[in-house]
Amino acid sequence: MSSPRDVVISGIGLVSSLGEGPDAHWQKLAQPGPRPVLEATRFAPYTVHPLPEIDWNLQIAKRGDQRQMETWQRLGTYAAGLALDDAGIKGNDELCATMDMVVAAGGGERDEAVDAAILAASESRNDRDVLLNEKLTTELRPTLFLAQLSNLLAGNISIVHKVTGSSRTFMGEEGAGVAAVETAAARIRSGQSTHILVGGAFQTEHSDMLLGYELAGYLHRGPWKPVWQRQGTEGGGVVTGSGGAFLVLEQREHAMSRGRKIYAELGPVVSGRARRPRGELDAEIAALLKQAALPNGKLLTLSGASGAHAATTAEKAALDANPAIAARGFSTLTGHMKEAQFPFAVALAALAVDRKAAYPVFDAAAETPFEGVPQSVLATAIGYHQFEGMALVNAA
Amino acid sequence: MANLRDHMGRPIVAVTGIGVVTSLGVGKSDNWAALTSGKSGIHPITRFPIDQLNTRISGMVDFLPSSSKGASPLTYELAELAGLEAVSEAGLDSSDFGGPLFLASPPVELDWAERFSLYNSDKDKDDTAAERLLRVARSLKELDIFETTQFGSIAGRLADRLGTRGLPITLSTACASGATAIQLGVEAIRRGECDRALSIGADGSATAEALIRFSLLSALSTHNDIPEKASKPFSRDRDGFVLAEGSGALVLESLETALARGATILGVLGGCGEKADDFHRTRSKPDASPAIAAVRAALVDAGLGEDEIDYVNAHGTSTPENDKMEHLALSTVFGERIGSMPVSSNKSMIGHTLSAAGAVEAAFSLMTMRESVIPPTINYDNPDPAIVLDVVPNKKRNAEVRTVLSSSFGFGGQNTCLVMAREPV
Chain A
1 MSSPRDVVIS GIGLVSSLGE GPDAHWQKLA QPGPRPVLEA TRFAPYTVHP LPEIDWNLQI
61 AKRGDQRQME TWQRLGTYAA GLALDDAGIK GNDELCATMD MVVAAGGGER DEAVDAAILA
121 ASESRNDRDV LLNEKLTTEL RPTLFLAQLS NLLAGNISIV HKVTGSSRTF MGEEGAGVAA
181 VETAAARIRS GQSTHILVGG AFQTEHSDML LGYELAGYLH RGPWKPVWQR QGTEGGGVVT
241 GSGGAFLVLE QREHAMSRGR KIYAELGPVV SGRARRPRGE LDAEIAALLK QAALPNGKLL
301 TLSGASGAHA ATTAEKAALD ANPAIAARGF STLTGHMKEA QFPFAVALAA LAVDRKAAYP
361 VFDAAAETPF EGVPQSVLAT AIGYHQFEGM ALVNAA
Chain B
397 MANLRDHMGR PIVAVTGIGV VTSLGVGKSD NWAALTSGKS GIHPITRFPI DQLNTRISGM
457 VDFLPSSSKG ASPLTYELAE LAGLEAVSEA GLDSSDFGGP LFLASPPVEL DWAERFSLYN
517 SDKDKDDTAA ERLLRVARSL KELDIFETTQ FGSIAGRLAD RLGTRGLPIT LSTACASGAT
577 AIQLGVEAIR RGECDRALSI GADGSATAEA LIRFSLLSAL STHNDIPEKA SKPFSRDRDG
637 FVLAEGSGAL VLESLETALA RGATILGVLG GCGEKADDFH RTRSKPDASP AIAAVRAALV
697 DAGLGEDEID YVNAHGTSTP ENDKMEHLAL STVFGERIGS MPVSSNKSMI GHTLSAAGAV
757 EAAFSLMTMR ESVIPPTINY DNPDPAIVLD VVPNKKRNAE VRTVLSSSFG FGGQNTCLVM
817 AREPV
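Protein chains in written order, with the working numbering: chain A, 1 to 396; chain B, 397 to 821.
Calculated directly from the structure, the hints in this document are not laboratory data.
Be a bit skeptical, because a hint or two may be false.
Cβ-Cβ distance ranges computed for the label pairs, FRET-style [said to hold, decoys possible]:
1. B:Arg766 with A:Val114: 31 to 37 angstroms
2. B:Asn516 with A:Gly191: 52 to 58 angstroms
3. A:Asp127 with B:Ser517: 37 to 43 angstroms
4. B:Glu767 with A:Arg275: 36 to 42 angstroms
5. B:Phe675 with A:Gln31: 25 to 31 angstroms
6. A:Arg278 with B:Asn399: 41 to 47 angstroms
The beta carbon of each residue, even a glycine, is placed where N, CA and C say it ideally should be.
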């Protein structure tokens, strides 16, 4: 039963190694045997899924704005622009000025050359704190700080796209994306908001972004493998990808009164934090599956599994335990996009519902086919290290 | 029988616990004593060398075990201390809080101390710095360094320590973060998602690099000679903010459940308002319209008219731009009355605690109402003639304060305002 206060998805903005926009992603992913785009040499021994060619001018008109950002913020601002365009909100001053925003963000890129010079000098100096002052005061670009600040992705979206109803930035890897979608949906359901921009971006092609995983040995090394097949291989199992995903979530009544296309309805969004060192992850995933109010019958599931050995093993076991679930591990094709992972999963789920077709298997050895029209699709993000979330996406 | 619903039919949100740490000390009692006696916590920097630095003073918290251990450990300790004080004052189990956690904290990065030590622990000269760090990183046996680089880890540790429920939310709205953390808690209770929430703002990120970054943006005061005089909001010779650390925590609770368990009601979180600015990454729209909209939204949310605010706890950073913009916003909203309304800035004494500021200042706002004492704006020796405000200059003032507006404005166009009341209206 639909209700005027349902949360619907009325805009999708996607960027990944596969391309940009919902159509390009559907075309690539709906073909049998989709192939990943891989970059195996630049960051060897790590493989990443690199950004596609992007003409930033298409969503960030002013060169001055582009110069104020590094790639991460540009990517997010670009993906946000795609979603706003898709929802027919971009350029509509009134809708933008009343639009709320929740961005899931990490940090931006440091200046690798400055850092490398400081580290090199540190080999021959013991007064490293003084060295830092010397180098940082003279070599840092003043505006780089703004390109690194977590909340400045949202800030740039306000500046470039004029989204100014409100602006909040959530941090915390995949959990930030889960909480952003969950909070946005709750605001719409309670009547606090009529339309919200929510999403995130991750730019993995920077050594610090890899270091954020590798300090705990989470990255996969050696020849690339699909996300479900990395157990027992060299490294920690995660292959990262650059990408961004933004959604326009809208109150059903609001979207309908604008005469907009609705991709899908966003059903329950659930989240949790298992105390993993105490072995709670299996039970937490099971509890979330229960809370997500899964429908009867076959269920297509867009899994955000990262490949991280422990988390992915637990998720795989939980999904396999339910024979109705046909999982698609999209990280096989996009890589792991951290804060953007959950919004990306929800977007792919909405696309399948909208196109009335399931994705073919992304990994024939580990996934099972899904026949028929998916009425509801589950999206998951079980964090590589912490935090868990799921959402059920239903036909509009 | 108290009214348990607000003017919009939502559960009234009460405050039942308050915690605070600043450079003035740990806990409400020490902080309040210092704040009301006009004492400054700003002091010379000793945590790292000051060679080459234009700014050599700060409001760092230098007296905790984690003060020299890096941004993540110190931010955690600050958050834990404030959280424990608040939960314990609320009379709740400090290891089983039983509601969600909203944490405002600074973005995290690998500290330089760790970067140096990882890099220099391996002398293979043939690789780049980035390659070497990655190679050393993957052989680490402990997760300690890794955890300092995960944006969700401080909240995760707090969730374990305090027994909060569910996925903790870590957020950043720059210098408005603390206020946003409170707003998220208020909203969760109003939506009926929980009966109580713990909102914490904590910031222990005053590293050399942070100081240099703000310095390069010309945001910091360089009045190094008399540190306690450097932060002078609304003064003609103000020249930037003073970087500082601290934490503030509030236990928020639906009035109904708070009364039902016999909790002491310390105040009411009546309204929250926000509005983003699309003008510039660091500067506010010259007409102050987003700040004005945020103040008005908070008043509307609280169901109060402009004439019903008794006191403004200003953002008052002591930068030339903020204080001018804030005056324009307040005088636009409150009209002629602004000249006779007390408006003071805690930052004159504690500096700018960044991600914590909104929470720290909400804590002080609530105490202002409870104690009927308004903390002063110190260092107000040279008033800016363009900013005509009653800043409660230099000395505390005894006054009945029933309602407070607390403002927070940040880089990235962040504007968040809170309206608090002494009693449920």
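Hint by hint, here is what the structure shows:
1. B:Arg766 with A:Val114: 31 to 37 angstroms: violated, 49 angstroms
2. B:Asn516 with A:Gly191: 52 to 58 angstroms: holds, 57 angstroms
3. A:Asp127 with B:Ser517: 37 to 43 angstroms: With Cβ atoms ~19 angstroms apart, the hint is violated.
4. B:Glu767 with A:Arg275: 36 to 42 angstroms: Given a distance of about 40 angstroms, which is inside 36 to 42 angstroms, the answer is holds.
5. B:Phe675 with A:Gln31: 25 to 31 angstroms: violated, 45 angstroms
6. A:Arg278 with B:Asn399: 41 to 47 angstroms: holds, 43 angstroms
Comparing the model with each earlier hint shows violations of hints 1, 3, 5; every other hint is respected.
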